[in-house]
Amino acid sequence: MFKDLKIRIAITAVVCLAALYFLIPTFVSNIPSPLDQYLPKEKIHLGLDLQGGMHLLMEIDTDKALESMMERTSNDLKESLMENKVRFRNVEKAEGATISMELTDSAGKTVLEKVLKDRFPDLEIASSSPRDSGQLVTLKINNKRAIDLKKLTVEHSLETIRNRVDQFGVAEPEIIPEGDNRILLQLPGVKDPERAKNLIGKTALLEFKIVDEENSLDEALRGNIPEGSVIAYGTREDKASGQRGQVPYLLKNKTLLTGASLETAKVQISDRFGEPHVSIKFNAQGAADFDRITNENVRKRLAIVLDGVVHSAPVIQERISGGQAQITGNFTMDEARDLAIVLRAGALPAPVNILEERTVGPSLGSDSIQHGILATIIGSLLVILFMVVYYRLSGAVADLAVIINIILILAVLAAFQATLTLPGIAGMLLTVGVAVDANILIFERIREELRTGKTVRLALNTGYDRAFITIIDTHVSGIVAAIILVFFGTGPIKGFAVTTIIGLLASLFTAIFITRVIFDYVMQNFNIKKLSI
Amino acid sequence: MSMELIKPGVNIDFVGKMKYAVIFSSILIIIGIGSIIYHGGLNPGIDFAGGSIIQVKFSKNISADQIRAALKSTKLENSTIQQFGVHEFLIRTHESFSDQKMLAANVEQPLSTAFNKDFEIRRVEVVGSKVGSDFTRKAIIAVILSWLAMLIYVGWRFEFRYAVGGILALVHDVIITMGAVSIMNMEFTIATLASLIFIIGFSINDTIVTLDRIRENVKLNPKQKLGDLINLSINQTLSRTVLTSLTVFLTVLALYIFGGAVIHDLAFPMLVGVVIGTYSSIYIACTIVLTFEKMKPSIMKRK
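The listed protein sequences correspond, in order, to chains A and B. Following our numbering from start to finish, the first sequence increments by one per residue and tops out at 533. Following our numbering from start to finish, the second sequence increments by one per residue and tops out at 303.
Once the Cα atoms are required to be at most 20 Å apart in a straight line, the calculated DMTMM-like pairs of lysine to aspartate or glutamate come out as: (1) B:138 to A:180; (2) A:530 to B:4; (3) A:117 to A:102; (4) A:191 to B:120; (5) B:219 to A:465; (6) B:117 to A:194; (7) A:254 to A:76.
Just a few of them, taken from the derived set where beta-carbon distance is under 7 Å, the chain A residues facing chain B: (8) 357; (9) 361; (10) 364; (11) 371; (12) 379; (13) 423; (14) 433; (15) 437; (16) 473.
Covered stretches of chain B (in silico footprint by chain A; criterion: 3 or more residues with CB under 8 Å from a CB of chain A, positions within the stretch not fixed): (17) 113–125; (18) 131–141; (19) 186–198; (20) 208–215; (21) 244–256.
Treat the hints as calculated values from the structure; they're not laboratory data. Virtual Cβ for every residue (Gly too), placed ideally from N, Cα, C.
The following block holds chain B by itself, in its conformation from the complex (with noise of 0.2 Å):
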C-alpha cells in the first residue's frame, strides 16, 4: 500500500470555483500594491538606492538605540539601524561612504568610544548612486525579460493562449510576492530579484505540467468540453504539483530558517512564491486559457 497525499481519482471543482480564485487574487493584489503605495514604493535597498551597509557585531548584548545615542552627532545620525542576527546590527544610509577615512570616522571611532572596542565590523557595502540606477534598470528589464522569454517558449511548446494564461499567472506571482515583500517591510535587493526570476522560472514549471496534461486530454477526447478536460488535467496532476510544491517548499524553508540571516532576502520571497506559485498555475493559468476559449471558442478545434 501506497503512501498517497492527493487519492487517486480525486475530483474537486476546481473550474467551478475559478471565480472565488479571481476574487482571492484580486484581494491578494489590492493589498500588495496597496502597500506597496502604503510605504512610498517598493523599499530599494542600497543595491538601487545607492548607500552603505555596515554590519557590526558586538561581543555582549547591545541595543539599537545604545548604537543609535553611539552615532548621534555623525553623519550615520539618520542612519536605520536593524538587528540583524545575535549581537549583531546592520547600520544602513543613503550617504555613500566611498572614503574609508569618513567610514572610520563616522563609525569606528565613535562606536569605539561607546562600546570599548568590543565588535568587529564584518561587512562593508558601498554602492553610488550611479551603480544603484544601473541595477534599476537591470532588474527592470530581467524580469520583462524572464516573462517575455517563459512567453515565447511556452508559446512556441505549446500555443500562444495557453502562454498567455501562463504569463500572466506569472505576473500575477511576482505582484503578489513583491506585496509580501513589502508588507514585511523588507528591502528590496538584487537577492529579491534573484528570488523573483527564481519564482518565474519555478511557477512556470507546474503551469508547463498542467498544461501538458491539458494538450494530452484534448488530444485524447476531443469532443468534450475544455472546462471538463482542464478540471481533469488539473486533478491528475494534482499529486504532483502538490508534492513538488511541498519538496521546494522544504528545501526553501531549511534555507530561512537555517542559511543566516544574510540569505533572508532571498528565501523569504521565495517561500512566499513557492507557495503562490502553485496555487497560480492550478487557478490563474486555467482560468486564463478557459477565457480565452469562451472569447475564441474555434482554436481549439483548429489545432
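Excised from the complex, chain A in its bound form (with noise of 0.2 Å):
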C-alpha cells in the first residue's frame, strides 16, 4: 500500500497520537486552564451497567389515545349534528376507535355525509346497516389519518418525556425512539426508581370538573348514574390514624378546563400547616376561561381531577380573575414538586406502559468495572506473556500491536461517544486474544518459509503476503457476527458487539500494518541475519 518506509512511520505515529489525544480527558482528571480548551472535553461514557441507573423501554398506548380522540370528536359530531337538524340516537364511542349511531330519518345519512366531508374530514363511514326508518352507522377514522395521529401521539410523548426529564435533572439521559410506539430511556444515576418512574410514566392530565350535587352521590353509586355524570375517586387521609381511605365524587362528564391551559406549576408551602401544595397559574386563555367558569359556577364544587382521580373538589365561592389556583392534597414534598414538574411538562397524550425496566445500583456498577478491569488486565497479561515467550522478540511486536489496539478501541470509544459497557470490556479482552490470531498466523507462516531455507527478508515478506487474505477473511468474518449483534442485541450487549467490530477493526492496522512498519525498520537498519521468532 504505502511502500515508503518513512510514510509507514508517519501514518503510526499520526494514528498512536490521534488515540492519545482524545483519551486525555479519560484518564486526567484535572487539566489545566489555558490547555483545555485544545483538548476534547468527552471522557468514555461508561453504560450503565457500569455506572449505575436505570433502563427503561415504554410502550406508548396509541390505540388508547385514537380511542380518546373519538370520544371527544362523538360530543362535537352530536352538537354538529343537531345544528344540521339531523335525527339521531345513541352516539356513542363503540369498540376500537369507531363511533355508532342510529339515524333515524332516511334522509339523515346523505345530511351526516355532508356533515362529515365539511367538519370532520378524519372521519368516513366504516359501514352502515338499514334499522327501522332509519340506518345504523359506524364511523371510524381514515387510515392515513390513524397512522398520522399515532405517529403525533408518539412525538408528542417523546417531548413530553423529555421535558419531564430534563427538569428532573439527570444528567446526560438517552431518549431514543424505538419502533413505532416505543420509547428507551437510559437514565444514569438515578437514585429512586420508583420516583423517576412515577415522573416519566404519569399520564398527568389535568382536569377541571363540576360536581354533580343535582343528582344524589348515593343513587349513582348503586348503579344509577344520571346521564352526562361519572363518578370518580379521591383519597383522604385521616390525620388521626394516618389511613388512606376513598371517597367518591360524582362529577359532570363535561371537561371545562385542561392542563393544556396551563402556564406554570410551582410547589409552594402553605403559611397555615407548612404542607406542600402546587400552585398553578393558566395561560392567557385559560385564564379567561377560568374566570368565566368560576362566575358561572359560584358556590358549586369544583373538582381538580389528575389521571382520573379527584385531588380536591374546593367550593367556588367567588369569581376567580388573575388566573392563578392551587392543588392540594396531602403531598409529600417529593410529590408536589414532581406534581409541578409534569405539570409544567404538560400531559402526555397517551398511556405508557412499561415493558422493561432495568437498574443497576452504583455499587454493582463500580464493582463490574473492577472485575472487568481486573480481567482484562490478568487476560491480556496471559496472552502477552505467552506471545513473548513463544515467538520471543517477533512475539514481543506483536504485543506492543496488542497494546496498541487496547488504546485504540478505547480512543475510538472515547472520540465516537460510544458506550463502554460490562460486555463490551468482555469484548476489548477477547480482541486482544483474537488479534494476536493475526500476528499467530503471520508468524506461523515466516517460521514455515525460514524452514525451507528462505532468507530472512524473504522469509518476512512471503509470510506477510500470504497470511494476509486469509487475515481478512477472518476479521470480515468476525466484524460480519458482531454487526449481526448489534442490530440483535440491547444496551450491554451491544457494547460487545461495537468493542468487537472496533476491535477487529483495530487490529486489521495493528497486527499487519503496525507489526510489519517494525519489522521493516529493523530490517533496514540493522543487519538481521537470524530472526528472534
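Build the complex: two chains, separate frames, hints provided.
Here it is, written out as C-alpha cells:
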C-alpha cells in the first residue's frame, strides 16, 4: 500500500498520537485552564451497567389516544348533527376507535355525509345497515389520518417525556424512539427508581370538572348514574389514624379546562400547616376561561382531577380572576415537586406502559468496573506473556500491537462517544485473544518459510503476503457476526458487539500494518541474519 | 531454537480418524439435546421468558433458605434464590414487577423485617412478556442470520461445498454449547446469545484458515487425492489453530474467573464454544467437505 517506510512510520505515529489525544480527558482528570480548550472534553461514556442507573423501555398506547380522540369527536359530532337538524339516537364511542350511531330519518345519511365532509374530514363511514326507517352507522378515522395521529402521539409523548426528564435533573439522559410506538430511556445515576418511573410514566392529565350536586351520589353509587355525569374517586387521609380511604364524587362529565391551559406550576408551602401544595397559573386563554367558569359556577364545587383521581373539590366562593389556583391534597415535598414538573411539562397524549426495566445500583456498577479491569489486565498479561515466551522478540512486537489495539479501541469509544459496558470490556479482552491470531498466522507462516531455507527478508515478505488474505477473511467474518449482534442485541450486549467490531478493525491495522512497519524498520537499519521468532 | 508446541512436519492422520470424530460429536449432540429435553427445553432467563431478577447483597453471611423463609407468603414465595458471589443472591421470579410498589411490598419490606436492613438491592431487572417474546424471535433470527451470513461469505470466498462444511460445523458448535449450558442448568440469556454469535464468528475463523490452506494445496498439487491434501493442510495449520485457540481460551478463562458473576452467562458458553469450535473446524468441517467430494468428485477438478 504505502511502500515508503517513512510514510508508514508517520501514519503509525499520527494514529497513535490521535488515539492518545482522545483519551486525555478519560485518564487525566484535572486539565489546567488554558490547555483544556485545545483538548477534547468527552470521557469514555460508561454504560448503565457500569455507572449505575435505569434503563426503561416504554410503550405508548397509541390506540388509547385514538379512542379518546374519538370520544371527544363524538361529542362535537352530536352538536354538529343537531345544528344540521339530523335526527339521531345513541351517538357513542364504540369498540376500538369507532363511533356508532343510529339515524332515525331516511335522509339522515346524506346529511351525515355532508357534515363529515365539511366538518370532520378525518372520519369516514365504516359500515351502515338499515334499521327500521333509518340506518345504523359506524364511523371510523380514515387510515392515513389514524397513522398520522399515532405518529403525532408518539412525537408528542417523546417531547413531553424529554421535558420531564430534563426538569427532573438527570445528567446525560438518553431518550430514543424505537420502532413504531416505543421509547427507550437510559437514565444514568437515578437513585430513586420508583420516583423516576412515576414522574415519567404518569399521564398527568389535569382536568377541572363541576361536582354534580343536583343528583344524588348515593343513588349513583347504587348504579343509577345520571346521564352526563360520572363517578370519580379521591383519596383522603384520616389525620388521626393515618389511614388512606377512598372518597367517591359524582362529577359532571364535561371537562371545563385541562392542564393544557397552564402557563406554569410550582411548589409552595401553605402558611398554616407548612404543607406543600402546587400552585398553578393559567395562560391568557386559560385565565379567561377560568374566570368565566368560576363566575358561572359560584357556590358550586369545582373538582380538580388528575389522571381520573379527584385531588380536591373546593367550593367556588367567588369569581376568580387572575388565573391562579392551587392543588392541595396531602403531598410530600417530593410528590408536590414531581407534580409541578409533570404539570409544567404537560400531559402525555396517551398512557404509557413500561415493558422493560433494568436498574443497576452504583455499587454494583463500580464492582463490575473493577472486575472488568482485573479480568482484562490478567487476560491480556497471559496472552502477552505467552507471545513473548513463544515467539521471543517477534512476540514482543505482536504484544506492542495488542497494546496499541486496546488503546485504539478506547480512543474510538471516546472519540465517537460510544458506550463502554461490562460485556464491552469482555469484548475488548476477547479482541486481544483474537487479534494476536493475525500475528500467530503470520509468524507461523514465516517459520514455515524459514524452514524451507529462505532468507529472513524473503520469509518475512512471504509470511505477510500469504497470511494477509486469510487474515482479511477471518476479520471480515468476525465483523459480520458482530454486526448481526449490533442489530439484535440490546444495551450492554450491543456494547459487546460494538467494541468487538472496533477491536477487529483496529487489529487489521495494528497486527498487519504496525508490526510490519516495525519489522521493516529493523530490517532496514540492522543487519539481521537470524530472526527471533 | 524456537519454542514449538506442535513440531513442524507433524503428520497426524486426522482424515483416517474422522469416523471416530463423527461418533464423538454425535454423542455430544445427543447428550446436549437429551439434557435440553430432560430439562423441558432451554431454561430461558427473564430476557426471553419475562419476569424479574432482584440482586441483593447482604452485609453478613446468610443462606438462601433464610431468604426463602423471609419471603414466605409474599408473591416471591416460589421464586428461585441463587447464591451469586459473596453474601450476594439473585432472586428470580416469573412475575413482572412493573410496579415498584409491588417490589417494595414483596421484597424490601419482608427482607427488612427479617434481616434488619443489613442488605442492599443492587440490581432490579424486569422484563415484560411482550418484550420477552420479541427478544426470543430476534434471538432465533440472529443465530440463523449469522449462519446464513457465514454460509454466503465462505461460499463467496471459497466454494459452496466448503461453505456447507463450515456452516454445519457452526451448527454443531451451537448445539453442543447450548447443550453444555443446559447441562449446567444455566439460564439462556441475551449474554448467552451473544456468546453463541461470538462462537460462530470465532469458529468460522479456524475453518477459514484450514480451508484456505486446503485450497492452496489443491492448487499446488491438483493430482493428489483430496483426503491426503486435507490431512496435509490440517497438519500444516495445526500449530496456528492450537495456538490461537489457546490465546482466546486464556482470555475467556480470565474473564470467567475474574470478570465477576455478572459476566458468567457470557463467559461460560464461550469457554465451551472455543474448545468445541477448534475441534469442529479440524474434524467436522473437513469431514463434510470430504463427504461432499465423495458424492461429487468432479466439482473439484473444475475449480
